[in-house]
Amino acid sequence: MSAASANNRLEQSQDIPTICYMCYSHCSTKARLVDGVLVDLEGNPEAPHNRGKLCAKGRAAIMGMYNPYRAKVPLRRTNPHKGIGIDPKWEEITWDEALSTIIEKLKAIREDDPRKLVLTGLDFHLSYFLFAFASAFGTPNVWKGGADYFCGNGVHPILYLTNAAFFAEPDLDHCNYCLLIGSQLGFMVNTNANTTTIKMAEARARGMKVVVVDPICTTAASKADEWVPIRPGTDGALALAMVNVLLNELGLFDSEFIKNDTNGPYLVAPDGLYVRDAKTGKPLIWDSKESRPKSWDAPDIKEPTLAGQYEVNGTSCSPAFQLIKDHVKQYTPEQVSQITTVPAATIRRIAQEFAEAARIGSKIVIEGKELPYRPAAVHWNKGPSAHRHTMLSCLALQLLNIIVGAMDVPGGLLGCNPVGPRWAPETGPDGLIVPANYQVCVDLAYPAREVKRPETVDARELLPVGPYAAPFFEEVMLAPDRYGLPYQPEMLIRCHSNVMMSTSCPERIAEVLKRIPFIVSFSPQIDETAEFADLALPDAFFLERVAPFPNYPAYRAAAGQGEWYWVIGQPVMPPAGQARCWPEVLIELAHRLKIEEDLYTILNTMFQLKEPFKLDGSSKYNLEEITDLWAKSLFGPERDWNWFKEHGILVSGKKELKHAYPRPFLEARIPLYFEHFLKVGQEVKKVIQEMGIDWDTSDYQALPDWKPCPDFKDSPDQDELYAVNYKLTFHTFCNTPDNPWLDELSQHHSYAYKILINRQVARRKGISDGETVWVESSAGKVKGEARITDCIHPEVLGIAGTFGHWAKEMPVAKDKGLHYNRLLDSRLDRLDTLSAALDTCVKVKVYKASG
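Following the numbering used here from start to finish, the sequence shown increments by one per residue and tops out at 853.
Calculated from the structure, these hints are not laboratory results.
The C-beta atom is built at its ideal place from N, Cα and C for all residues, glycine as well.
Simulated pairs of lysine-lysine, DSSO-like, Cα-Cα distance not exceeding 30 Å: (1) K847 / K709; (2) K657 / K647; (3) K371 / K261; (4) K783 / K847; (5) K850 / K785; (6) K596 / K612; (7) K454 / K709; (8) K74 / K84; (9) K810 / K785; (10) K657 / K616; (11) K331 / K715; (12) K596 / K622; (13) K660 / K304; (14) K365 / K657; (15) K281 / K681; (16) K634 / K647; (17) K331 / K211; (18) K634 / K612.
Here are the simulated distance ranges between beta carbons: (19) T607 / G694: 34 to 40 Å; (20) N624 / E457: 30 to 36 Å; (21) S364 / E613: 45 to 51 Å; (22) K622 / P301: 52 to 58 Å; (23) S654 / P345: 49 to 55 Å; (24) Y68 / S102: 29 to 35 Å; (25) G486 / I88: 28 to 34 Å; (26) S15 / K109: 47 to 53 Å; (27) E626 / I105: 21 to 27 Å; (28) Q720 / P423: 55 to 61 Å; (29) E648 / Q762: 56 to 62 Å; (30) E251 / G772: 46 to 52 Å.
Model the full assembly from the supplied sequences, consistent with the hints where possible.
The following block contains the structure:
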């Protein structure tokens, strides 16, 4: 190539600022185009969110956009039979034909009963439009699929209850002791992956200790100062034993924090309910200086007490904290060691290390302001969360942070931005914290929602403190008479999800989908769920569409100190073939159904649009125009869509201390005693008894306990193992296995496509490294290559990711790795009836394939 040609080529290159959506971290990127061809993706160096970094998944996104197996035209099913592996016998149609068919069916459903429409999907960039369309149409039925089975069932409700935040992260800028329990945060897994990994590395360099508790020596565990193997599903017992050590053996707890920032001093009667003031109904606290009860918010309280027994109006009562101390005495390290397999000495040592690292009572000066300093944090995620009884176990984990005062203060566990320039938590009933209204993207655990007979297809009315209810969609669909819905779904619109891969045993999900007469699928590829569709519509890839403010800082930006920043995603290429972005199609459908005015009214509320930038019900908008109005409403007319297209990111100012470390600035208290669970549990029990449903309500208790998973055995059969699913740093759910670059990486990786088996177990069973084996549960079985290792608990078998695709239009991913969810049965007794988590603590047998 001549120098002139090279210069000409350079002149035709351009960098387009946008975002990555290869996971839900939404890193800001720059797309390099040369002669109209996307040739590279890099992190945006101007972005505080990822500091110019981009992981392997992000760099590989090019291959997703240029995937030759993309769906490019609308398809109509001609084969009336549906099932796994059944050819839909597609025929190509036009978009007009597709939309006319959809409109005809939607009109009939809306005239009959709008609730017969179900929408499914979890598109973090654009889910606003899914919920807005559903509401405008008149259906409450939005089924979010896999994320609502496993993701945050024991994470988000606990964080909302205590941090008033959707996510939380250790304050890695100041933390000195980080305890990760079933979590890999800071090791390119979990929220804000690039940011937390950079901060984790910096914290390790200055001496922070990391202890990882996990059945598998994951990436995080392999890099930690200490890996503590644990029997799956027993994390809650470990936490309660540690709480017992701190409260009853060592006496290490932050009494001032518990007195002033929690409901620990609230007086509790023998029935478990608060003792209340007769006139105001407010919970009472015992003032030891004056030896009398006062309302929790009385301005003249001199010394709230945390211990003892008192009589108030003829009722014997004790502070909630006293009840906790007494309650956890049963969780001795010796007893819990038998449950968890973690040695009693290790439990005591880690508990003491954690509390001593928290430096209870210490202060730190930041920006001239003295703040509490608690440089220790416990973080947990899917490991403890994906189990029955998860709410109780995860409440126990959060108790560790609460009792040492490491909550939203320097060094502790920080909620991701519960306080911001335009939002803040409220003080709710009984003085307890309630998240800012518009921040909420899941149902809250407090105050509890109304309990009543189900009117939704996922029976969420029976889960009043749970964040989700998705697994109960299966339950209701497969046992409709039990729940007595006055209608049955007739149409499913699927947007950006693959429920056949991401939920439970696919044969069971197939039965659910077969019961829905008409399915419309939006997907970039004909995947396993699209194969059940009646209409398969080509969806735009994320680099071909608009994404308005996907990192909304109220719950998506990194926690702690730093800057407020807002990013957008813009298309770097036009959609492939005839692909369209699914919200654009829903907007078109809304206009044809004449519900656009309701749709825009709902979006005005969701986006908090201000005049003169509100959506007009008499107009028609595309995503760019809606984003333009949202940008101008937030930042003024000079920061419009064109400005964001040029810059990609707006850094709007430095966080104030009350934003980064809100706890010292808040009046609302954190619950460590959950009185409202008792009340709502009685309401649930009454309704289910009226319905005649066998539904466990025993977890509605005010103090956390550990309860065994259905498959738990403290003396397991040597022929059985616990199967555990874990995350790799270079894959996201079932979204990335069909990417050829990531597939090549997986094939060279020691663990990715293999079955991890402990060396002792393999020796006992005569299984050699590289040998093909079957793994079988009561729900199904999978086959794969054994990887013999010492880096796994001896009672555990490990399977990574969500692999094992079988759709013929996904040839790169087809038959690669294992589909863990085939082993999972989602029957009622394996569901957590507080949070709807599906229990993944499943017992399996492993044996040679040749046998």
